[in-house]
Amino acid sequence: MHIKEETAERHVLTLTVDNEAGTLARIAGMFTARGYNIDSLTVADISEDHAISRITIVTKGPPEVIDQIIAQCERLVPVHKVTDLTDAGPHVERELALVKVAGAGDKRVEAMRLADIYRARVIDATVGSFIFEITGGPDKIDTFVALMREVGLVEVGRTGIVGLMRGSEAS
Amino acid sequence: MRNRKLAEKSGADILIEALIAQGVDTVFGYPGGAVLPIYDALFQHPKIRHVLVRHEAGAAHAAEGYARSTGKPGVVLVTSGPGATNAVTGIADAFMDSIPMVCITGQVATNLIGSDAFQEADTIGITRHCTKHNYLVKDPAELGAVVAEAFHIATQGRPGPVVIDIPKNVQVATAEFDHHGNNAAKRYVPAGDADFAAITQAVELLAKAKAPILYTGGGIVNSGPDASAALRELAALSGAPVTSTLMGLGSFPASDPAWLGMLGMHGTYEANMAMNQCDVMLCLGARFDDRVTGRLDAFSPNSIKVHIDIDRSSINKTVRVDLPIVADVGKAIRQMITIWNSRKLQAQQLDEWWARIKGWRSVGSLNYPASQSEIMPQYAIERLYQLTKDKAPVITTEVGQHQMWAAQHFHFESPNKWLTSGGLGTMGYGLPAAIGAQMGNPDALVIDIAGEASIQMNIQEMGTASQYRLPVKVFILNNEWMGMVRQWQQLTYESRYSNSYSDSLPDFVALAEAYGWKGIRCDDPSKLDDAIAEMLAYDGPVMFDCRVSKEANCFPMIPSGAAHTEMILHSDEVSGTMDDEAKALV
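Chains A and B, in that order, are what the protein sequence lines are. FYI, this note's numbering numbers position 95 of the first sequence as 576, with every residue one higher than the one before it. FYI, this note's numbering numbers position 472 of the second sequence as 462, with every residue one higher than the one before it.
Derived by calculation from the structure, the hints in this document are not laboratory data. By construction, the Cβ of each residue, glycine as well, lies at the ideal position given by its N, Cα and C atoms. Hints are not guaranteed to be accurate.
Unchecked claim - Using C-beta positions, here's what the derived DEER-type ranges look like:
#: 1; chain 1: A; residue 1: Pro543; chain 2: B; residue 2: Gly23; range: 57 to 63 Å
#: 2; chain 1: A; residue 1: Thr607; chain 2: B; residue 2: Val162; range: 36 to 42 Å
#: 3; chain 1: B; residue 1: Ala500; chain 2: A; residue 2: Glu555; range: 52 to 58 Å
#: 4; chain 1: B; residue 1: Ala187; chain 2: A; residue 2: Glu555; range: 18 to 24 Å
#: 5; chain 1: A; residue 1: Val573; chain 2: B; residue 2: Thr328; range: 45 to 51 Å
#: 6; chain 1: B; residue 1: Ala135; chain 2: A; residue 2: Thr624; range: 47 to 53 Å
#: 7; chain 1: B; residue 1: Asp112; chain 2: A; residue 2: Arg575; range: 32 to 38 Å
#: 8; chain 1: A; residue 1: Val590; chain 2: B; residue 2: Gly104; range: 46 to 52 Å
#: 9; chain 1: A; residue 1: Glu555; chain 2: B; residue 2: Asp280; range: 19 to 25 Å
#: 10; chain 1: A; residue 1: Arg575; chain 2: B; residue 2: Arg333; range: 33 to 39 Å
Bound conformation, chain A alone:
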């Protein structure tokens, strides 16, 4: 007998939650306990009085599992609202990455040229290195990082994505 893999689709969920101790552990732990995936997770408080946080979770699973994930999130007391951006319609996703590249000569010039094409900004420079700041959809950042590997990539830090619905309504 072998363990079977299931086909999965990617969904971006946003959660509005009480900003209190343990909320993130409750959500992240629930994902682990029930065997759900987290591809990325971002969290920050978004209200003036710091009482409410917004969490963006990128997850993968078959449609019925995604439905369960949403239901299980809604079941948690500090979770006020869950929106599946992927299901809800047109939305934007953005992620920020810091990319450190070291090198000299042609490689250094090429890194700079590619950064320019990808609209990455230089936020630190030494004689032998750059740190680029790049913002965009996850695909754009993946591509940029892949290119940087060719020209002396040292390390990458990524925020994970945040997302909002398009249009005038709140998601």
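Given the structure of chain A, go ahead and fit chain B onto it with the hints provided.
Frame of chain A; chain B shown alone:
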């Protein structure tokens, strides 16, 4: 600045007053270092009865038994570290079976948290995924609101356990407290009435069905006595047969002709066949557990499924349904009755459906081989039922064969009489649950139907029953085996009985006497009635060592990974082995 200065009270006093304000009169607990201030406050508040258990697992199960039999939340009070971790099994059990419980745990002082202090455990971390919600209270000023919200969360919606972890210095520190002003922010708002359009559609489906079935569960019991009354009305209006999960037994009277018995792995043939062959399935407060559905791709293949549940996450979790309705099941059934009556609906002619059910019933799936020489375990349950049914006893069980035989052969007419560990399947549940039930129902006959293995898991609670003069009866079906383990080993591991023999058993009669109980032993079917009568006549706790046939198996049975239609009715149909796919599903 406040105009009026309220009296400052210690956290411990605030806690006790907040509990009293919630109507708490009984607490199951065990003292220890990190809850000494609370125990001192309890000492001065005679309004709350404290039941001293012998192990914290006993406290949690006793609170479950109290809750399930009274409909009120059970309250537990234990110390930090081992006190809390010992209670975790009961908390997890209450989470799986949706039992309202508030568990107060002591914690080391806030300045010591995280320092590996004496008797420190991360109670909040450990209980996070087996509670509905939990709190670490860092300021006594928050305690009143936390307690109020904890009881709200534990009892409303789908009930469940809530843990309140209180560091020792927070119990001692003082704050203002006015319980009249403590309206906890109601951030937890559970489902209530059903969506009108959806519930109307459910009524129409039921009225048009030619082979309907009502598949009920523990949600009916949790919704309250009126849900059970409403279920009876709906069954009468629709003429539909009724089956129930293990947790829902009693919500529909077993004496009613529409009752099919329990469904699932050890359910009746008629209940499982009717589930398989129905055209409309109305699932009321049940959750399509794997013990109920059997093989999912063969589960009731041709039915339209309506699922009413207060917990959205229970819907479409394992079985896709056609009409999901998130609502309190009692309210939803009342709405269905109102709609049915106002439209003057008539049920379909169901004679053909009932004729088929009669055919399945005639199989006699609960029959068992009779014996003159030894007590068959099923016979023991039957006699216990016959000799106690007039007293409408509260029955608790441990987990295993005896539990399934009790579910099959003991019959219930009303809810809150059947207390068993369904979801988590916790051996050792029955005796403390019986103690809790007896505390909540002092005049009731409370019987723990046990196995000789399970009873040993919380046998120390005999002392609790002695101390509080609780006349609980423990009826042990003693077959000298962990019977359900042995049965599975016989059926799927070619009778390789690995570690399932109950060796070195205590003398249960002598043990009973050592605790000041009465002990009775019986191994002769012709003397069983007299022995049961002797147990019932005694006005204190009794341990009944009922020596039963050692190798009886619990049938009918749907083997793991099989469909409802592939029930095994007798042991001679069993091959003695099983493929890996099936083994993995157990």
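Here's how the hints hold up against the structure:
no.: 1; hint: Pro543(A) to Gly23(B): 57 to 63 Å; result: violated (49 Å)
no.: 2; hint: Thr607(A) to Val162(B): 36 to 42 Å; result: violated (56 Å)
no.: 3; hint: Ala500(B) to Glu555(A): 52 to 58 Å; result: holds (54 Å)
no.: 4; hint: Ala187(B) to Glu555(A): 18 to 24 Å; result: holds (22 Å)
no.: 5; hint: Val573(A) to Thr328(B): 45 to 51 Å; result: holds (47 Å)
no.: 6; hint: Ala135(B) to Thr624(A): 47 to 53 Å; result: holds (51 Å)
no.: 7; hint: Asp112(B) to Arg575(A): 32 to 38 Å; result: holds (36 Å)
no.: 8; hint: Val590(A) to Gly104(B): 46 to 52 Å; result: holds (51 Å)
no.: 9; hint: Glu555(A) to Asp280(B): 19 to 25 Å; result: holds (23 Å)
no.: 10; hint: Arg575(A) to Arg333(B): 33 to 39 Å; result: violated (53 Å)
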